[in-house]
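Engineer: Single-letter residue listing:
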Amino acid sequence: MTSLTQDPPVTRRSRFRAAPYGFMLPAVLLFVFTIAVPIGYTAYLSLRTVKVQGLGLGPGGRTEVWAGLSNYGKTLSDGDFLASVLRVAGYGLVVIPVMLGLALLFALLLDSVRVRGRRFSRLVIFMPYAVPAVISSLLWGFLYLPAVSPFTYAAERVGVTLPEPMAPGLVLFAIANIAVWGGVGFNMIVLYTALRSIPSELYEAARLDGCGEIQIAWRVKVPIVLPSLIMTGVFGMITTLQVFAEPTVLRPLTNTISTSWSPLMMIYRDAFTRNDIYSASATSVVLAVATFALSFGFLRLVQNRAFAQENR
Amino acid sequence: MRRRLFALTAPLTALLLLSACSGGSSDGGAADEGPRPGEKVELNFWSWAPEMDKTVEAWNSTHPDIQVTVNKQDGGDTAVTKLLTAIKAGSGAPDLMQAEYQAIPTMVGAGALADIKGNLSGEAQGHFGDGVWNAVTLGSDAVYAVPQDSAPLMFYYRSDVFEKLKIDVPTTWDEYAEAARRIHADDPKTFLGTFSANDAGLFAGLTQQNGASWWGIDGDSWSVAIDADPAKKVAQYWGDLVQEGVIDNTPMYTPAWNSALNKGTQVGWVSAVWAPGVLAGNAADTEGKWKVAPVPQWTEGANVTGAWGGSATAVTSQSKNKAAAAQFAEWLNTSADGVKALATVSNVYPADTQNSAAALSEPPAFFKDQKDFYDIAASVAGGIAPFTYGPNTNVAYSAFNDAFGKAAQGKKSADFLSALTTMQATTVDDLKSAGFNVK
Numbered sequence: 001m002t003s004l005t006q007d008p009p010v011t012r013r014s015r016f017r018a019a020p021y022g023f024m025l026p027a028v029l030l031f032v033f034t035i036a037v038p039i040g041y042t043a044y045l046s047l048r049t050v051k052v053q054g055l056g057l058g059p060g061g062r063t064e065v066w067a068g069l070s071n072y073g074k075t076l077s078d079g080d081f082l083a084s085v086l087r088v089a090g091y092g093l094v095v096i097p098v099m100l101g102l103a104l105l106f107a108l109l110l111d112s113v114r115v116r117g118r119r120f121s122r123l124v125i126f127m128p129y130a131v132p133a134v135i136s137s138l139l140w141g142f143l144y145l146p147a148v149s150p151f152t153y154a155a156e157r158v159g160v161t162l163p164e165p166m167a168p169g170l171v172l173f174a175i176a177n178i179a180v181w182g183g184v185g186f187n188m189i190v191l192y193t194a195l196r197s198i199p200s201e202l203y204e205a206a207r208l209d210g211c212g213e214i215q216i217a218w219r220v221k222v223p224i225v226l227p228s229l230i231m232t233g234v235f236g237m238i239t240t241l242q243v244f245a246e247p248t249v250l251r252p253l254t255n256t257i258s259t260s261w262s263p264l265m266m267i268y269r270d271a272f273t274r275n276d277i278y279s280a281s282a283t284s285v286v287l288a289v290a291t292f293a294l295s296f297g298f299l300r301l302v303q304n305r306a307f308a309q310e311n312r
Numbered sequence: 001m002r003r004r005l006f007a008l009t010a011p012l013t014a015l016l017l018l019s020a021c022s023g024g025s026s027d028g029g030a031a032d033e034g035p036r037p038g039e040k041v042e043l044n045f046w047s048w049a050p051e052m053d054k055t056v057e058a059w060n061s062t063h064p065d066i067q068v069t070v071n072k073q074d075g076g077d078t079a080v081t082k083l084l085t086a087i088k089a090g091s092g093a094p095d096l097m098q099a100e101y102q103a104i105p106t107m108v109g110a111g112a113l114a115d116i117k118g119n120l121s122g123e124a125q126g127h128f129g130d131g132v133w134n135a136v137t138l139g140s141d142a143v144y145a146v147p148q149d150s151a152p153l154m155f156y157y158r159s160d161v162f163e164k165l166k167i168d169v170p171t172t173w174d175e176y177a178e179a180a181r182r183i184h185a186d187d188p189k190t191f192l193g194t195f196s197a198n199d200a201g202l203f204a205g206l207t208q209q210n211g212a213s214w215w216g217i218d219g220d221s222w223s224v225a226i227d228a229d230p231a232k233k234v235a236q237y238w239g240d241l242v243q244e245g246v247i248d249n250t251p252m253y254t255p256a257w258n259s260a261l262n263k264g265t266q267v268g269w270v271s272a273v274w275a276p277g278v279l280a281g282n283a284a285d286t287e288g289k290w291k292v293a294p295v296p297q298w299t300e301g302a303n304v305t306g307a308w309g310g311s312a313t314a315v316t317s318q319s320k321n322k323a324a325a326a327q328f329a330e331w332l333n334t335s336a337d338g339v340k341a342l343a344t345v346s347n348v349y350p351a352d353t354q355n356s357a358a359a360l361s362e363p364p365a366f367f368k369d370q371k372d373f374y375d376i377a378a379s380v381a382g383g384i385a386p387f388t389y390g391p392n393t394n395v396a397y398s399a400f401n402d403a404f405g406k407a408a409q410g411k412k413s414a415d416f417l418s419a420l421t422t423m424q425a426t427t428v429d430d431l432k433s434a435g436f437n438v439k
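Protein sequences appear in the order of chains X and G. Using the UniProt record's numbering, you'd call the opening residue of the first sequence number 1 and step up by one each time. Using the UniProt record's numbering, you'd call the opening residue of the second sequence number 1 and step up by one each time.
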């Protein structure tokens with residue numbers, strides 16, 4: 001209250017009106033130059049294409065022209081693109097439930113009263129997340145190749161033949177495994193943090209009502225961390241659509257991963273192997289819009305369930 | 001989670017920044033009359049050949065007015081993409097670039113390479129065989145690069161294994177197949193080779209040996225003949241061996257392949273003249289056990305081969321000192337000093353035919369017992385069949401990865417032929433949609 005009465009005079013206040021904008025400037029500049037402009041330029045490129053004259057050799061053999069929406073037409077009617085979308089959809093159906101399920105399980109276990117070595121276990125579960133995806137993919141690639149895998153070696157010693165992880169039917173799970181291995185820790189921390197913020201009176205009340213640990217977990221903890229679960233779910237969907245590092249690193253090791261295995265790999269191939277940045281841009285825009293639509297659609301769908309208690 | 005998002009946006013951002021910063025300057029190829037007397041010229045050279053900076057020292061010490069700085073690059077598509085991006089951006093390209101033969105049409109088409117015919121002495125052409133010279137002129141009146149190294153296909157094998165099983169070194173592909181069968185029958189885990197779907201270059205070279213040329217120029221149109229008979233025969237041959245199971249179907253250059261070479265479960269390799277470097281790196285335990293022979297022939301007694309790799313030194317269209325750059329490129333690849341440095345310091349097999357014999361007196365260290373290594377290489381190199389690469393070689397090569405990857409995995413001979421058809425269709429469609437004249 002005292003501060004209000006001692007307010008500086010109006011004139012002095014107006015002199016500093018630009019200050020908030022000044023503070024925002026770095027963020028705005030960063031946003032404009034690293035996000036807005038590239039997106040705009042990508043959208044522009046997606047409407048262009050190269051037209052070649054005759055043999056396309058020598059200066060002036062190629063000119064950049066307007067393509068209208070033809071790059072988009074090409075992307076949307078491309079069998080490889082649709083196949084890659086369906087493939088990552090299947091991949092997401094494996095990764096997201098398994099990853100979130102494990103993350104929730106670990107978070108609940110760590111949060112239970114009787115657990116020992118909590119700090120150590122938390123660190124161990126989180127650690128894989130700190131390993132860059134390229135390195136973890138190389139690591140798993142080694143373990144997947146029967147000729148050099150210690151698993152295969154050990155299994156052969158006891159007379160068991162393991163299936164080849166990168167065979168056609170299994171390769172999706174092999175890639176999903178790497179993502180799950182790397183992602184569980186991060187999601188576990190998010191859920192665990194949410195669990196720690198639940199007031200202990202709720203547990204006391206539940207115990208007085210005769211709840212066991214499992215019932216507390218299922219009826220109190222899970223509903224309360226549901227919003228966090230949904231948030232991690234959205235993250236999971238976004239990363240699924242953007243899966244790139246794992247299949248790209250594994251691709252040279254096997255015949256079963258094509259250069260268009262995931263939409264992002266296809267974009268990379270078009271832009272940097274085939275030098276066609278125009279269709280790559282169109283495909284990027286399509287993928288970005290799809291990611292946007294999917295995450296917001298999902299949030300709308302679960303809004304009432306997830307955030308009901310906040311609106312109460 | 002952000003790291004994945006970054007993977008998507010980073011290359012596009014880089015592309016944008018490159019082109020945004022250079023919007024104003026559009027003079028990619030300034031007029032150039034060569035260095036004036038007393039003026040010092042600095043040239044930038046993108047190369048991935050090992051120790052190229054040391055090779056270039058020989059030039060720098062004798063040419064104080066034209067100093068060349070080597071900028072080490074990743075080979076293959078990466079360097080090409082980087083150059084094309086710089087060309088599109090209008091700045092950032094080097095003066096000189098090591099260019100693989102198969103990438104030259106793509107780079108010429110993008111306006112990235114300068115025509116240096118007028119800057120070379122009349123003697124340059126005489127240093128090279130017709131095949132590599134054709135690769136740098138694309139059959140036109142222009143000269144887009146000076147050939148640096150050629151990479152004839154050769155056959156590498158474990159002589160101890162061949163001796164133990166009393167197998168003669170195959171001189172024809174029929175004998176190669178027979179040798180593969182016997183080696184595999186002796187030990188089901190051992191293969192004479194693998195059909196790798198990860199590198200189209202080797203397969204292209206094998207079809208080249210049988211007379212294929214995947215592209216062709218016919219008047220002002222391109223023709224594409226990837227699924228023509230010579231290539232079909234080669235695809236069928238390897239498809240049959242893979243289906244029979246006597247040749248492996250896993251990719252090369254994997255940890256598994258490396259260990260197989262070193263352990264002796266891959267006992268042969270159809271590769272190029274640069275193979276000793278790879279073998280020394282990946283199969284050090286087998287030193288002294290390998291020997292080289294000319295690649296097996298389709299017709300008995302013939303001496304034809306294909307190429308896998310090989311590159312030239314090109315001057316980029318952005319260079320401000322094209323004459324000086326061309327002078328250096330000619331020295332590096334045709335002078336006695338330059339060729340000797342290339343062969344002994346950078347360990348490449350020079351495309352030059354006049355000075356290379358003197359430069360290559362000793363066999364590679366990994367083959368030190370085979371004194372005639374470079375005699376064999378020279379006899380083979382003369383037999384490289386003509387082959388024209390196209391303006392979308394990269395598209396055909398990436399189509400190879402996918403189509404032949406599936407076929408090799410399925411181990412069905414018929415799929416090898418349909419993979420070839422897929423490659424042909426993908427390549428032709430790409431040319432047509434870009435607006436090339438295609439016949």
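The hints are simulated quantities; they were obtained by calculation from the structure and are not laboratory data. Virtual Cβ for every residue (Gly too), placed ideally from N, Cα, C. A few of these clues could be false.
Said to hold, decoys possible - Taking lysine-lysine and the BS3-like style, the derived pairs with C-alpha atoms no more than 27 Å apart in a straight line are:
| # | chain 1 | residue 1 | chain 2 | residue 2 |
| --- | --- | --- | --- | --- |
| 1 | G | 439 | X | 74 |
| 2 | X | 51 | G | 432 |
| 3 | G | 88 | X | 51 |
Said to hold, decoys possible - Derived Cβ-Cβ restraints for the label pairs, each shown as a range:
| # | chain 1 | residue 1 | chain 2 | residue 2 | range |
| --- | --- | --- | --- | --- | --- |
| 4 | X | 26 | G | 262 | 48 to 56 Å |
| 5 | G | 262 | X | 112 | 16 to 24 Å |
| 6 | X | 51 | G | 168 | 32 to 40 Å |
| 7 | X | 26 | G | 40 | 53 to 61 Å |
| 8 | G | 71 | X | 35 | 56 to 64 Å |
| 9 | G | 74 | X | 35 | 50 to 58 Å |
Engineer: Are the hints correct? Go through all of them and say.
Structural biologist: Hint-by-hint comparison with the structure:
Distance hint between residue 439 of chain G and residue 74 of chain X is fulfilled; the C-alpha atoms sit about 23 Å from each other, no more than 27 Å. A distance of roughly 10 Å separates the Cα atoms of residue 51 of chain X and residue 432 of chain G; the hinted pair therefore holds under the 27 Å criterion. This hinted pair checks out: residue 88 of chain G and residue 51 of chain X have alpha carbons roughly 15 Å apart, not beyond 27 Å. Look at residue 26 of chain X against residue 262 of chain G: about 54 Å separates their beta carbons, and that is inside 48 to 56 Å.
The hinted range of 16 to 24 Å is not satisfied by residue 262 of chain G and residue 112 of chain X, whose Cβ atoms lie roughly 50 Å apart. Take residue 51 of chain X and residue 168 of chain G: their Cβ atoms lie about 56 Å apart, and the range 32 to 40 Å is violated. At about 42 Å, the CB distance of residue 26 of chain X to residue 40 of chain G disagrees with the hint of 53 to 61 Å. Our hint of 56 to 64 Å for residue 71 of chain G and residue 35 of chain X is violated, since their Cβ atoms are close to 31 Å apart.
The hinted window of 50 to 58 Å between residue 74 of chain G and residue 35 of chain X is violated, with their beta carbons roughly 28 Å apart.
The earlier numbered hints that this structure contradicts are 5, 6, 7, 8, 9.
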